[in-house]
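Chemist: As you go down the protein sequences, you meet chains A and B in turn.
Be aware that the first sequence starts at 11, since it is given in my numbering, and climbs by one per residue.
Be aware that the second sequence starts at 6, since it is given in my numbering, and climbs by one per residue.
Honestly, I wouldn't trust all of these hints.
[Said to hold, decoys possible] Just the calculated beta-carbon pair ranges, DEER-fashion: (1) A:116 <-> B:32: 38 to 46 Å; (2) A:338 <-> B:57: 17 to 25 Å; (3) B:197 <-> A:120: 31 to 39 Å; (4) B:18 <-> A:62: 44 to 52 Å; (5) A:283 <-> B:57: 32 to 40 Å; (6) B:57 <-> A:63: 30 to 38 Å; (7) B:14 <-> A:338: 51 to 59 Å; (8) B:36 <-> A:63: 25 to 33 Å; (9) B:239 <-> A:355: 36 to 44 Å; (10) A:59 <-> B:224: 34 to 42 Å; (11) B:64 <-> A:338: 31 to 39 Å; (12) A:189 <-> B:115: 28 to 36 Å; (13) B:59 <-> A:312: 23 to 31 Å.
[What the hints assert, rightly or not] Interface residues of chain B toward chain A, partial, derived using beta-carbon atoms under 7 Å: (14) 50; (15) 54; (16) 55; (17) 57; (18) 60; (19) 80; (20) 86; (21) 89; (22) 93; (23) 217; (24) 218; (25) 221.
No lab work stands behind these hints: they were computed from the structure.
None of these values were measured; they are calculated from a predicted model.
Yeah, the Cβ is synthetic: ideal placement off N, Cα and C, and Gly gets one too.
Okay, here's what each chain looks like letter by letter:
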Amino acid sequence: MTVPQPDWLDPTPWIAAAQRATPEAAAGALRATTPAEREFAVLISPAAAGQLEAMAQRAQALTRRHFGRTISLYTPLYLSNYCSGGCTYCGFASDRKAPRKRLSFEEVETECRAIKALGVDEILLLTGERTPEADLSYLLRCVKIAARSFHKVTVEVFPMPTDEYRALVDAGCTGLTLYQETYDPELYAKLHRWGPKQDYPARLDAPERALSAGFRFIGIGALLGLGDPLYDMIALYQHATHLQRRHWRAGVSVSFPRIQPEVGGFKPGVVVTDHQLVQFILAFRICLPTVPLVLSTREPAKLRDGMAGIGVNKMSVASKTTVGGYSEDDDASATEQFEVSDTRSTEAFCQSLRAHGLEPVFKNWDSVYRAETRDAQ
Amino acid sequence: MSTELRIGDQCLPSRLIMGTGKFADTATMIRSVEASGTGLVTVALRRFNRELVEDDLYGPLSELKTVQLMPNTSGAMDAKEAVRAALLSREISGSPFLKLEIHPNPHHLLPDPIETYEAARILVKEGFLVMPYVPADPVLCKRLEDIGCASVMPLGAPIGTGKGLTTQEMLRIIIRDSSIPVIVDAGLRSPAEAAAAMELGCDAVLVNSAVAAAEAPERMAEAFAMGVEAGRMAWEAGLMPTSEAAIASSPLTSFLAGRNE
Numbered sequence: 011m012t013v014p015q016p017d018w019l020d021p022t023p024w025i026a027a028a029q030r031a032t033p034e035a036a037a038g039a040l041r042a043t044t045p046a047e048r049e050f051a052v053l054i055s056p057a058a059a060g061q062l063e064a065m066a067q068r069a070q071a072l073t074r075r076h077f078g079r080t081i082s083l084y085t086p087l088y089l090s091n092y093c094s095g096g097c098t099y100c101g102f103a104s105d106r107k108a109p110r111k112r113l114s115f116e117e118v119e120t121e122c123r124a125i126k127a128l129g130v131d132e133i134l135l136l137t138g139e140r141t142p143e144a145d146l147s148y149l150l151r152c153v154k155i156a157a158r159s160f161h162k163v164t165v166e167v168f169p170m171p172t173d174e175y176r177a178l179v180d181a182g183c184t185g186l187t188l189y190q191e192t193y194d195p196e197l198y199a200k201l202h203r204w205g206p207k208q209d210y211p212a213r214l215d216a217p218e219r220a221l222s223a224g225f226r227f228i229g230i231g232a233l234l235g236l237g238d239p240l241y242d243m244i245a246l247y248q249h250a251t252h253l254q255r256r257h258w259r260a261g262v263s264v265s266f267p268r269i270q271p272e273v274g275g276f277k278p279g280v281v282v283t284d285h286q287l288v289q290f291i292l293a294f295r296i297c298l299p300t301v302p303l304v305l306s307t308r309e310p311a312k313l314r315d316g317m318a319g320i321g322v323n324k325m326s327v328a329s330k331t332t333v334g335g336y337s338e339d340d341d342a343s344a345t346e347q348f349e350v351s352d353t354r355s356t357e358a359f360c361q362s363l364r365a366h367g368l369e370p371v372f373k374n375w376d377s378v379y380r381a382e383t384r385d386a387q
Numbered sequence: 006m007s008t009e010l011r012i013g014d015q016c017l018p019s020r021l022i023m024g025t026g027k028f029a030d031t032a033t034m035i036r037s038v039e040a041s042g043t044g045l046v047t048v049a050l051r052r053f054n055r056e057l058v059e060d061d062l063y064g065p066l067s068e069l070k071t072v073q074l075m076p077n078t079s080g081a082m083d084a085k086e087a088v089r090a091a092l093l094s095r096e097i098s099g100s101p102f103l104k105l106e107i108h109p110n111p112h113h114l115l116p117d118p119i120e121t122y123e124a125a126r127i128l129v130k131e132g133f134l135v136m137p138y139v140p141a142d143p144v145l146c147k148r149l150e151d152i153g154c155a156s157v158m159p160l161g162a163p164i165g166t167g168k169g170l171t172t173q174e175m176l177r178i179i180i181r182d183s184s185i186p187v188i189v190d191a192g193l194r195s196p197a198e199a200a201a202a203m204e205l206g207c208d209a210v211l212v213n214s215a216v217a218a219a220e221a222p223e224r225m226a227e228a229f230a231m232g233v234e235a236g237r238m239a240w241e242a243g244l245m246p247t248s249e250a251a252i253a254s255s256p257l258t259s260f261l262a263g264r265n266e
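Could you put the whole structure together from the sequences, leaning on the hints where they help?
Modeler: So this is what it looks like as structure tokens:
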């Protein structure tokens, strides 16, 4: 089954360019005044692997210029692990025997209070694909509860039509994170065995529907380890620049989730090494200097500390990928969506940032810029 | 010493205005503000944090005796949001100053002239000393002056780029035509550029990234203070005119010598 791709999405010519690239071309790309797609393809190529230190130097200067010596923090809250999806790589897929849980509204309040007590002022609410247990009306109530405690509420949830996104904005939601997982339509079809997530175009267009509905910030990403990383990184670059052109007010950020071992025993299709991951992040920073780049607690402490302020300027902290889990002691039996590598407390993580000359920023938004505030006046 | 800067009914001891974002920690920011000798700092409402002291930029700045605070509306996408943010900032800070920033694109952070004009109209009536961050557009600057803004703050280059006075030709026109203070905001990288802006006849400059991203922010703040002071003194002293060519020793108008003037 072939899915027709939109005009703006075609990584193939640039993959060829990346494969042809030489170390000299890589050095040239690194010197370019305004590096763009052409330079990006060269900088993520194996030919640029020897330029990692020089790339890091340029990336750090750009990160410092545009984001200063600061790292913005957010914390995820898994609301529900009910899921109608059949993703082969996910511990919450509907055929997995994982115990299912959904937070009650009282529990959402308790969890919000516990996260708020960490000091973090940006919360990311997550669900699986749409189910009767975690549908739009459930999510709307959760957003409203979170919006009472947090200036910035964002979601990472199932794709939905524009009017539903608008309801989320009206409830106090400011940002949407949605990863395409892989931009390769054939691989996408194989990995997503059933459920609404099989609809590749509906997922690909979702960020634009959200922006039309009034979302301010969009986070995109590809799950590294599923397919050819050159394909996915170039497609991701094209997606980011497409969103910036089409929605000129949108804040677009890029995340670099890398697949971790999970309960179902899924083996990554390809191994993306630490060196490659770092090279990809640096290439994004160099070619898209004003786009926030995000690295979550999926990655180990050493890698996160190393990339903070070099290419990355936004990070999750104190994450739990079980449903709930902030307000009570660790429940060893609870199923995680994936394993958190960086398990440091907020305090320990911030201490490490400060030791690297970086300021953790807990609040970087204000509810005064929210749609619900707009309605209230 | 150069003459003092007046904005509306307020006198300021320095012609350097400081931004407060992007620093490695609050202590460095505060020391840099002090080293700069500034009397006016801007702080984003979105960085006011009344719930977590260590994350709050407003609290520590409000304790400084020598500086006044100028809240800014960074984050506002349109006039309505900026007005709401301005009113809330004044409620918290009590400051008469407002740095009006409406840059709906969070990537290049360039100001939206249409929304900025609309918000300025409302905020002047609300009694603020409105200081709008604007593109270096001479007509827009006059329109903002006409509706009662306390100053205009045209950009030298996009925020954070450090590209310097890329808008110099437009700045010359703005300065020549303006009856309110002209403050170059954004794009400066070096004290020499700050001095150059002052030599053009700007009334003040606002700097943030250039200090926060420097290797030694406090030293750089002090260096900017010196650059601003030198540039202003030079402007007040009157720069020697430049000349494209040498003055000829046999002037073409020598035949007029001795005749009735």
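Chemist: Now, for every hint given, state plainly whether the structure supports it.
Modeler: Right, here's what the structure says about each hint:
1. The hinted window of 38 to 46 Å between residue 116 of chain A and residue 32 of chain B holds, with their beta carbons roughly 41 Å apart.
2. A hinted range of 17 to 25 Å holds for the C-beta pair residue 338 of chain A and residue 57 of chain B, which are about 23 Å apart.
3. Remark: the range hint 31 to 39 Å for residue 197 of chain B to residue 120 of chain A is contradicted by a beta-carbon distance near 56 Å.
4. A hinted range of 44 to 52 Å holds for the C-beta pair residue 18 of chain B and residue 62 of chain A, which are about 48 Å apart.
5. About 38 Å separates the C-beta atoms of residue 283 of chain A and residue 57 of chain B, a value consistent with the hinted range of 32 to 40 Å.
6. Distance hint check: the CB atoms of residue 57 of chain B and residue 63 of chain A are about 36 Å apart, consistent with the given range 30 to 38 Å.
7. Checking the proposed 51 to 59 Å range against residue 14 of chain B and residue 338 of chain A shows it holds: the Cβ atoms sit about 57 Å from each other.
8. For residue 36 of chain B and residue 63 of chain A, the Cβ-Cβ distance of about 32 Å falls inside the hinted range of 25 to 33 Å, so the restraint holds.
9. For the pair residue 239 of chain B and residue 355 of chain A, the beta carbons lie near 54 Å from each other, so the given range of 36 to 44 Å is not met.
10. As the Cβ distance of residue 59 of chain A to residue 224 of chain B is approximately 38 Å, the hint placing it in 34 to 42 Å holds.
11. Range check, residue 64 of chain B to residue 338 of chain A: about 33 Å between beta-carbon atoms, so the 31 to 39 Å window is met.
12. Evaluation of the 28 to 36 Å hint for residue 189 of chain A and residue 115 of chain B yields a pass: the beta carbon distance comes to about 29 Å.
13. As the Cβ distance of residue 59 of chain B to residue 312 of chain A is approximately 25 Å, the hint placing it in 23 to 31 Å holds.
14. Hint status for residue 50 of chain B relative to chain A: holds, with the closest Cβ pair at about 5 Å, below 7 Å.
15. With 7 Å as the threshold, the beta carbon of residue 54 of chain B comes within range of chain A, its nearest partner Cβ sitting at about 4 Å, so the hint holds.
16. Against a cut-off of 7 Å between C-beta atoms, the interface hint on residue 55 of chain B is violated, since the closest Cβ of chain A lies about 9 Å away.
17. Below 7 Å, beta-carbon pairs count as interface contacts, and residue 57 of chain B has one with chain A at about 5 Å; its hint therefore holds.
18. Because the closest C-beta pair between residue 60 of chain B and chain A is about 4 Å apart, less than 7 Å, the hint holds.
19. With 7 Å as the threshold, the beta carbon of residue 80 of chain B comes within range of chain A, its nearest partner Cβ sitting at about 5 Å, so the hint holds.
20. Proximity of residue 86 of chain B to chain A holds as hinted, the smallest CB-CB distance being about 5 Å (cut-off 7 Å).
21. Proximity of residue 89 of chain B to chain A holds as hinted, the smallest CB-CB distance being about 5 Å (cut-off 7 Å).
22. The criterion of a C-beta within 7 Å of any C-beta in chain A is met by residue 93 of chain B, whose closest approach is roughly 5 Å, and the hint holds.
23. Against a cut-off of 7 Å between C-beta atoms, the interface hint on residue 217 of chain B holds, since the closest Cβ of chain A lies about 5 Å away.
24. A hinted interface residue such as residue 218 of chain B counts as satisfied when its beta carbon comes closer than 7 Å to some beta carbon of chain A; here the least separation is about 5 Å, so the hint holds.
25. Contact between residue 221 of chain B and chain A, as hinted, is not supported at the beta carbon level, the nearest pair being about 12 Å apart and thus beyond 7 Å.
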